[in-house]
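Visitor: Below, each chain spelled out in residue letters.
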Amino acid sequence: MFHSKILPRQMMGARLLPLIIAVNVYLASLAITGGLALIASTGQWSNEIEQLVTVQVPPEAGVSGDAVVKSVLGVLREHPSVAKARPLELSEMEALLSPWLGRNSAIKELPLPQLIDVELRQGGEIDSLRKRLEAEFPGVEIDDHRQWRGQMLALANTSRLLCFTITSMILLAAVSVIVFATRASLESQGDLVALLHMIGAHNRFVAGEFQKYFLRLGLMGAVLGLMLLALSLVAINILIGDNPAPWLMRISFGPVDYALTALPLLSAALITMLTARFTVLRTLAAMD
Amino acid sequence: MIRVKNVGLQYADGPEILTDLSFTLPDGSFHFLTGRSGAGKSTLLRMLYLGQRPSRGQMEMFGKDIGQLEPYELPELRRKIGVVFQNFRLISHLSVFENVALPLAIEGRNEEDYARNVVELLDWVGLGDKMDQFPALLSGGEQQQVAIARAVVASPQLLLADEPTGSVDAEMGERLLGLLIELNRQGATLVIATHDTGVLASHRHHAGELHLDEGGRLRQFPPVRAKAG
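Chains A and B, in that order, are what the protein sequence lines are. For the record, in the first sequence the residue sitting at position 56 is 56 according to our numbering, with numbers rising by one throughout. Counting from 1 along the second sequence, just add 1000 to a position and that's the residue number in our numbering.
Heads up, some of the hints might be wrong.
Said to hold, decoys possible - Straight-line alpha carbon distances no greater than 27 angstroms define the calculated DSSO-like cross-link-like pairs of lysine-lysine that follow:
1) K5/A <-> K1080/B
2) K1064/B <-> K1005/B
3) K5/A <-> K1130/B
What the hints assert, rightly or not - If the Cβ cut is set under 8 angstroms, some of the chain B residues that face chain A in the computed set are:
4) R1079
5) V1083
6) F1088
7) R1089
8) I1091
9) L1094
10) E1098
11) G1126
12) K1130
13) S1155
Everything labelled a hint here was simulated from the structure, so no lab data went into it. Just so you know, even glycine gets a beta-carbon here, dropped at the ideal spot from N, CA and C.
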C-alpha cells in the first residue's frame, strides 16, 4: 500500500516548517515558564513575608531593658498567633547596621531598640497581638512590613501582567507564523490537490492525507522546541546554583505547570494540522 | 449516455466561453472534439470530467442531473470518468506502478487486490518493464502511456483525452490512439480533443465530431460514411 506516499516526502517550504514551529514553541514555552516562575516566586515570597513581623522594644521602655524584652517575649510566645519569637543577637544587629555605621562600631554604646523576629502561625492574626503589646508595654512597636510588602506586591503584579501580555503576543505571533508557513507549503502542492480531486478522491480523503503529513511536521517542530526549552531550563538551574538570590528562585514545577509549559507543543501541532485541513478543504470546495 | 442541453459556461462576470451547447453522446460512442486553439476544447473537456459545472443549462451524465448534485456526490461520478490530460499530470514522486494505481488507491482499496490488474495493464500498454521507474526517466510517449493506463485502470464509462498525440511522433501517436480505440470497443464512451488533421482523416469513418467554433458554439457531426464504389 503506497497510501502514505501520495504526498511527497519533502514539500517546498515544508523542510523549514518544523524549525519555524520549534522556534515559536520554544519562545512561547519559555514565556510561559517565565510567567509561572514569577507567579510561583512572588507567591512564595509573599506568603513568607506575610507571616513575619518585627517587634521593637525601645531602650527607654523600662528601667531594665532585658527585663522588658523577656516580658515581651513571654507574651509573644504565649500568644496563639505566634509560632516563633526570637530576639536578635547583638552580632545580627551589627550586621544589619554595618552598611551605615561600619564594622567595629561602638554599637553597644548606642541606645538601640531591641528587635524581636516573630513568625506567625498559618492564618495567625496580628491585631490582637498588637493591642495587647501596646497596652502592656507602652512604646513597643510591631512592624508587619505592610507598606513595603504592598509596594513589592504591586510591582510583582505588574510584572505578572507584563509577562502574561508578552506570552499572549508570542503565542499570537507563533500562531500567525505557523498558519502562514503551513499555507505556503500547501500552495506548492496545488497541482497534486487538483489531480486527486479530478480523479475522484473525496475531499475528506485529500484533507486527511495533508492533515497527517502536517501533524507529523508540527509534532516534530514542537518536540524540538520543547527539548530546547528543557535544555535552557537545565542551564538556568545550573547557573543559579544551590544558593539563588532571594529574587531568583530555582525553577521547579508541579504537574500543572509542566502541562501549561507543554501547551504550545500541543497547540502548535494542532494548529498546523487544522490549518492544513481547512486550507485543503477550502481549496477543494472552490473547485466544486 | 451524456446529454447536454443549452449549456453555457462563464467565469465570474466574464463573457460566456461556451455558449448554448447541446449534444448527446450515446454509451460506447466515439467522438473527436475539434476546433481552433482557444475555441474552448479543454474547457469543454473540463466540464465533461466535472472539473467545472455549467453556469446554465442542463447536463445529464450517468443518469444524474449534474446541476442538482451536491459537491460530496461528485467524486463518485468522477470515478466513472477517465481523463488523459494534455500535460499528463503524472506525480513525479510516485513510480509508474503507483501513478497508474492511484485511482484505485484513493478508493481505499488494498494493493494486493489490484496489483495484478495494474501489472497486466502496464504490460498491455507496453510499460511492463518500467513499472518501478519514475516519470522523469520516461520519454514523452511513455509518459503518455502511463497517463492512458491511469485513465483506464478503474474501467471508466467515459474516457476523455486532451490532445493525446500532441507531444509524440506519428508512430507513437497511432499506437496511443489504438489503445484508446480498443477501450472504446470494450464499451467506454470516448471523446478525444485534437486538432491533428491526420488523426481526424484516419478515424472519422467510425468517430463522430464535436466542433467548437470561435464563439464557443458547438456543432455535432456523425461519423463520415465511406462513399460506395
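Visitor: All hints are to be evaluated individually against the structure, with a verdict given for each.
Guide: Hints versus structure:
no.	hint	result
1	K5/A <-> K1080/B	holds (24 angstroms)
2	K1064/B <-> K1005/B	holds (14 angstroms)
3	K5/A <-> K1130/B	holds (19 angstroms)
4	R1079	holds (4 angstroms)
5	V1083	holds (6 angstroms)
6	F1088	violated (10 angstroms)
7	R1089	holds (5 angstroms)
8	I1091	holds (6 angstroms)
9	L1094	holds (7 angstroms)
10	E1098	holds (5 angstroms)
11	G1126	violated (22 angstroms)
12	K1130	violated (17 angstroms)
13	S1155	violated (13 angstroms)
Violated hints for the displayed structure, listed by number in ascending order: 6, 11, 12, 13.
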